[in-house]
Each structure stands twice: as structure tokens, then as C-alpha cells.
Amino acid sequence: MNCPFDKEKLTGYYDGELEAAEKAEVERHIASCSECLRELGELKSAAILVKELPRLRAPRSIAEGVAREMQAAGKVHSFARMRRTVLWASAAAAALFIGLNLMYFTANDKTSARPLATAPPAPIVVGKVQQMQQPHEEAAKNAAPEKEAPAERRSTADRAAAADEAKLRESRKQVEEQEKGLHAKPDAVKKAAEAAPADRARERDKSGDGLAKGAPETKPAAEPMAPPKPTTAAAPPGAPAAAPAAKPAPAPEAAEKSAPKKEADSLARAESELKNKRGAGPEPVVGAEAPATHLTLASTQLSKARPQVEEALRKMGVTVPAPPSNGRAMKAPAPREADTAIALDLTDSQIARLKQELDKPGSSRLLAAAPGDPVLAEFRDGRMLGRKEPSGVVAGGGKSKDFGKADAKPEAKTEAPRDAKELKDADATTRGLAEGLPAGDKAPEPRRRVILHLIEVPFVPDTQPAPDALKK
Amino acid sequence: MSPGDPAVPELRELPDRELVVRCQRNESRAFDELMARHQDRVYTAVTRFCGNAEDAADVVQRAFINAFRKIQEFKGDSAFSTWIYRIAFNQAISFRRENKRPAVSIYSKDDEKVVEPAVESNPTEKLEGEETQKKVQQALEMLEEGDRQIILLKDLQGHSYDEIASIMQIPKGTVRSRLHRARLELKSKLKSYIGTLK
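Sequences listed follow chains B and Y, in order.
Numbers 1 to 472, taken from this note's numbering, label the letters of the first sequence in order.
Numbers 1 to 198, taken from this note's numbering, label the letters of the second sequence in order.
If we strip away everything but chain B, and leave its shape as in the complex, we get:
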């Protein structure tokens, strides 16, 4: 017990865990130290007693318990795997559904929900006679046939708005392209018009294809105008209300024979030919080569209307031709109506200014329409814009019952956008005037043939609130 030798080495020596040097050291030491040799023997004896303990066989219950656990775990694994699969499948299906919805609504937003505020100002549309006479559904179908399926799910008003938007965009694009073509290569305009697809020309006709606000000076006077429907005082009784009700006065020979004017006339002729080819009905040729724009001044006092017109035109430096004596004054279908037609050559700016001069709430209003246009029905029977009348009840006697039945709904749908468009046109023109850009300071502004109809109506409905620019 007094031997200072590291006794742990004796354990290591017995277990065979010593390095060769240590092993040799232990062997040298125990060879000379009886105490360490005896302790080594005791350690060995204790180890042998433990080593000789019998080995046991594990009871079967252990394996059975583990097997049960493994089986349960396997079921859990299977269930977890199945649950994971189901979750992944559900997540994938949900992602697909959301993605498809996003794509669907994004596509719809791009086409139909483009905000009016961000859209550039609509082109000045003066002649809208044909557009107003077209059924709205047909216009919407022609303007955006690829959007039929989404449009069916939308309300009728949304569909109409989308169609108007599409028409405006299309017409604006075409106007810009044609302007470029007129500037760069005048001959190409005619070719382009002849080669244009039929539905493109139809779109232009329907939308009125107005003048672009940015460049009214370069616009041919007659190109954007839809040729007016023939209207005569001797229109057959019982004709549909949407049919032309006033015959446009024969346009006098154009005083200005400038080159752009000729090109515009040629383009208009080409478009008329295209329209005839696709069965749009025979176009009236009333003496003048260029189709005229029909404006109607609806006044509660016809006797004051003409002096007002003359005064307004005089302010603009336009000489009013003498009243026609050959009975060109139009007889309105209604007994109380009496209209007169004045043929003028006016620029767009002058038209806009004329509208400003003649629009007097409650007493007179200048409309870009022929006297037979359905929009004037409200002036005759006292209906407010956009208000629906019971089917078959038409006041004023100027319209048949068929008109009330057939046109009450489409008219109600189209009134608001049409009136808004009219105001927008006036707004755009007025803005140009307010910006100090009179026509005289620029290049000579093209003139258009305008037939101004004066009619007496019992009622002049209020217009929608005018934009701020118009108030200026």
C-alpha cells in the first residue's frame, strides 16, 4: 500500500489498454514489487467474478412490445405520408385555382377595367349619328368579340362601358395611324383605307372616328365622319324610329380644294364603298362628295333659334347663308316640330364654340345628331336622359309605339356614355381654345361641311354636370 507506483496502470495492464512502454514499465515494476503484484491479482479476481456472471436471454415480451410500436409507427408513417400527399395535392390545386383566377381577372382588368381617368382624352367626335343608331349590343360585339365570355358574366352596363372603351381605343389608334399616313405619305391613306379589314372600317364608323384632340388641324374634315343616313321630310309613315328622319341638305360645292381635303374625301369614299360592299345599306349621295356633319339645335322657341345661331356665327366671323327657299326646311314628324337646315363650313373649333354659345339650359341645346336621332325623343316627350319609359307609352306623338318598345332599353343604356362623350368632346375642344390656341394662329384648320338643323322642341332636358374644364 505504500508503493508510490501508479496503480491505475495495473488496471490498464490487466485490460490490455496500455502502450507498449507502459506495459513494459508495469511488467518491470510488478517483477520487483510484491504489493503491486498482489493488488493486480485482486483486481483480476474481482473482474473475473463479474465476467463469470451468466448471460441472459432477453424475454420475448421485449421483441413483441417493440414490434407493436413499430407497427403503430408504420401506420403513423403511412398516415402521415398520405396526409402529406393530400395536403400537397390540395395546396397544388389551390395554387392552380388562384393562379387561373388571377390570370382571368388580370386579363379582364386589362381589357375592360382600364380607368377612364388614365386614358388619354377621347378624340373629338362631332358626327355620331350612325353610332347612336346602332344597337348597342352589336357595337359591343364588334368592338370586343374576344371578350364575349367574360362580358356575359358582367352586367349589361359594364359590357356597354367596355365596348365603348374598346371602340374609343381603336378609333384613337386608327386616327393616329391615319394622321401619320397623311403627313408622311398622302397616297398611302387611300390604299390603307381600301385595304383595311371590314370590321376595322365598321369600328371606325360606329365610333364616329372623331378627330384627335392633339391634332385637329391635320384631320381631314370628312374622314372621321360617318356618312349620314338619308332623311327626308317625305319619309314613309310607319318607318322605324331609328331610321333617318331628316334629309341632309345637299352640300354646296366645297370652296376649299386643298390637297388634304381631296385625300380625305377619297378616303371617305373608299370607306363608303367598303360599307356598301358589306351590306350596310346604300349610302346617300346628296349632291356633295363629302358627307356632312349633322348638328341639331333643339330650342323651345324656334323663332329665336335662328337669330341666336346667326349671332353666334357672326361672332366667329362666319357668314350665315340665306335661308333656303326650296323647302329644305325639314318637316318634323311631330306636328309641333319645325326644323330648318343651315349648311355651313366650320372648323372643329368653331363647332365647339358654337356649342358653347348655343347651349342654354332649359331653352336650347346643340347636339351632334340629326333631327331624327332617337336622342331627340327626350326633347319631344319630356323624358329625362337615361330614364326608362313604360313600354309602349310614348309622349309627343312623334314616335311610334314600336320605338318605345324596341329602343327604350338600349337607349337607356347608351344615353349616359353618349352624353358623357359629347361633353368630353366639347371639353376637349374648349380646352384647346382656353389654352390660347385659336385656329387662326395655327396652320389652317380644315373645315367640314355641317348641316345645322333647327328644331323646336317642347322640352330641353338638363345635361349631365359638365366637367370643370368646360366650365372654364
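The list that follows gives simulated cross-link-like pairs (lysine to any residue, SDA-like), each with its CA atoms no further than 25 Å apart:
#  : chain 1 : residue 1 : chain 2 : residue 2
1  : B       : Lys-23    : Y       : Gly-173
2  : B       : Lys-44    : Y       : Gly-146
3  : Y       : Lys-172   : B       : Gly-41
4  : Y       : Lys-135   : B       : Arg-57
5  : Y       : Lys-187   : B       : Pro-4
6  : Y       : Lys-134   : B       : Ser-45
7  : B       : Lys-44    : Y       : Glu-131
8  : Y       : Lys-187   : Y       : Gly-146
9  : B       : Lys-44    : Y       : Thr-174
10 : B       : Lys-51    : Y       : Gly-129
11 : B       : Lys-51    : Y       : Pro-171
12 : B       : Lys-7     : Y       : Leu-143
13 : B       : Lys-44    : Y       : Asp-162
14 : B       : Lys-23    : Y       : Thr-174
15 : Y       : Lys-187   : B       : Ile-48
16 : B       : Lys-51    : Y       : Ser-177
17 : B       : Lys-7     : Y       : Ser-192
18 : Y       : Lys-70    : Y       : Arg-12
Some chain B residues judged to face chain Y by a derived CB distance under 8 Å, without partners named:
#  : residue
19 : Thr-11
20 : Lys-51
21 : Arg-55
22 : Met-70
Everything labelled a hint here was simulated from the structure, so no lab data went into it.
Glycine included, each C-beta is placed from N, C-alpha and C at the ideal position.
Using the hints, position chain Y against chain B.
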């Protein structure tokens, strides 16, 4: 087929490491083979450690279930035997702390459990041998858990110092000193028997 039964022949030839890999691929038969290889040795060590056969069976069963559940976390840094001994002894230590009940002698059970019965030449020697084994078991149970564990791992199971260090998660140098101390303690408990062994 349940765990612990002889596995299919192709698995018997595979080393523990390969069987572990197959277990990690959810091949349950590989775990059966691993259990068949190690359960008796683990059960013996745990039984000597606990001093109670029933508790030992419970502990070993829990140890293998835990090993099965955590086989995916086994990275193969040590042998599977080392890993399962560590799990089993930790389980046994926890079990003994939770269940303070008197030990039931392993010798009260059938001899069927004995895989390698002590070699006795005659009944007298057998009785002496059983008496010695009881005394050794009692001496073991009087040791500290760590001392008992290290003696069982070295003298009963024959693990190397490296393996013991891995199982008990102590340095290798500590294994020698701790084993020396445990043997000295056991020697003192079995002094009378050690004298007769000479």
C-alpha cells in the same frame, strides 16, 4: 416476424452500419436484425445494472423503441452497439430514479433465461456458483451507478476503453481511473470471495 427473431439470411451478413442505413430507409426488417443481434447482451447488462429482471425487460424494450424512433438521427459516428448501450443505460438510470422499488433477484426466474450458465461440474459447485453470483450481484448493486456501469461494460460485456468512453460519454483516460476505482470498490465488497478464488 417480430423484432429479435432471426432475420432473413441476406441481412445476417450485413454489418451494423449497413443495417442502420437500411433502417433509415424505413426497412423494418433491418431493425429486426439489429435487435436480434444486440438485445440479449443489452438485456444482460441492464439486468445486472438494475438488479430486476422485469424492470430490465421494460427498460430494454423502451430503449429499442427509442432507438427505432430516432434511427433517422443516428449519424453513424459510433457503432450501433455503442449507441444502443448508451440509450439503454440512460433509460435504466431514469427508470430507477422514477421507480424506487425493491429489486427482485434475477435468480428467482427460470434458468431458461440464462444463455451461458456458469460451468458447474456438480450440484455442490452449482449451489456455490449461484451463491457467488448473488454475492457479486449484491456487491454490484452496492456500487455507485457509474462504477457499476463501467464494471459491467468492461468486465461483463468486454467493451474497450474507447467504447466505454463513447457509451458513458467520458474521456478515455477517465475510463481507466474510474474502472480502477470501481474494481477496488467491488474487491472490497467481495473480499471474502476474492480470497477463496486464489
